[in-house]
Amino acid sequence: DAKTTQPTSMDCAEGRAANLPCNHSTISGNEYVYWYRQIHSQGPQYIIHGLKNNETNEMASLIITEDRKSSTLILPHATLRDTAVYYCIVRETGANNLFFGTGTRLTVIP
Amino acid sequence: DTAVSQTPKYLVTQMGNDKSIKCEQNLGHDTMYWYKQDSKKFLKIMFSYNNKELIINETVPNRFSPKSPDKAHLNLHINSLELGDSAVYFCASSPWTSQDTGELFFGEGSRLTVL
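Heads up: the sequence lines are chains A and B, in that order.
Going by this note's numbering, 2 is the number at position 2 of the first sequence; the sequence numbering is gapless.
Going by this note's numbering, 120 is the number at position 10 of the second sequence; the sequence numbering is gapless.
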């Protein structure tokens, strides 16, 4: 079962930063926060993950609050191709599956 | 080269028929999965195999039978298809030894329509 809460939808202007929030207030100490996205008619795509430190890669940044009860995925310069459903997932260390919630539908507007 | 490939991409069939969806990964991963995404877009895990052994079966009807001939392939066979089986089925793989990366590689999906 999904242990995260995300807004149903968000809009972002092209070229601006997209900040996608996620609440995971019941996260336990050995659970990581993962972000995936699903562009229309494609399979989900891994974006980034973290435990407690902020993380950055070529796609995005992940900011996790100090109490780990929430996080924000940041796409620094959103493009039209970033329009997708973004899933925030918490997963135990050693678990070998992912449970997807309903995600946030991000629409990047020209 | 496609990392996780599924065939067919589209499948339209009648109720009561038996059909199969094939999945192959060329990433050398040990673990493979089947996920189902229904019309409401909920993505749910169905099965997980590690080195050809079933490790997850999420209360899927026994009309669904996964088969893993080797660790690069995980096929999904569905007997006596029902209208409710209409969905997009995604295959995925991940490296077992790197579980903490949590990175699953998904195929492009197979859209099954049961009439």
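Since the hints were derived computationally from the structure, they do not count as laboratory data.
Source: prediction; values computed, not measured.
Don't take every hint at face value.
[As the list claims (entries may be wrong)] Computed Cβ-Cβ distance ranges for the label pairs, DEER-style:
hint, chain 1, residue 1, chain 2, residue 2, range
1, B, Ser130, A, Ser41, 18 to 26 Å
2, B, Glu192, A, Thr65, 42 to 50 Å
3, B, Lys132, A, Asn53, 25 to 33 Å
4, A, Gln42, B, Pro179, 21 to 29 Å
Even for Gly, the Cβ is constructed at its ideal location relative to N, Cα and C.
Per the hint of 18 to 26 Å, is the separation of the Cβ atoms of Ser130(B) and Ser41(A) within bounds? Roughly 22 Å apart at Cβ, these two residues keep to the hinted range, so it holds.
Assuming the hint says 25 to 33 Å, is it satisfied by the Cβ distance from Lys132(B) to Asn53(A) or not? violated, 40 Å
Does the hinted range 21 to 29 Å hold for Gln42(A) and Pro179(B) at CB? Holds - the Cβ-Cβ distance for Gln42(A) and Pro179(B), about 27 Å, lies within 21 to 29 Å.
Taking the beta carbons of Glu192(B) and Thr65(A), is their distance inside 42 to 50 Å? Holds, since Glu192(B) and Thr65(A) (Cβ atoms, about 45 Å apart) stay within the stated range.
Comparing the model with each numbered hint stated earlier shows that hint 3 is the single one that does not hold.
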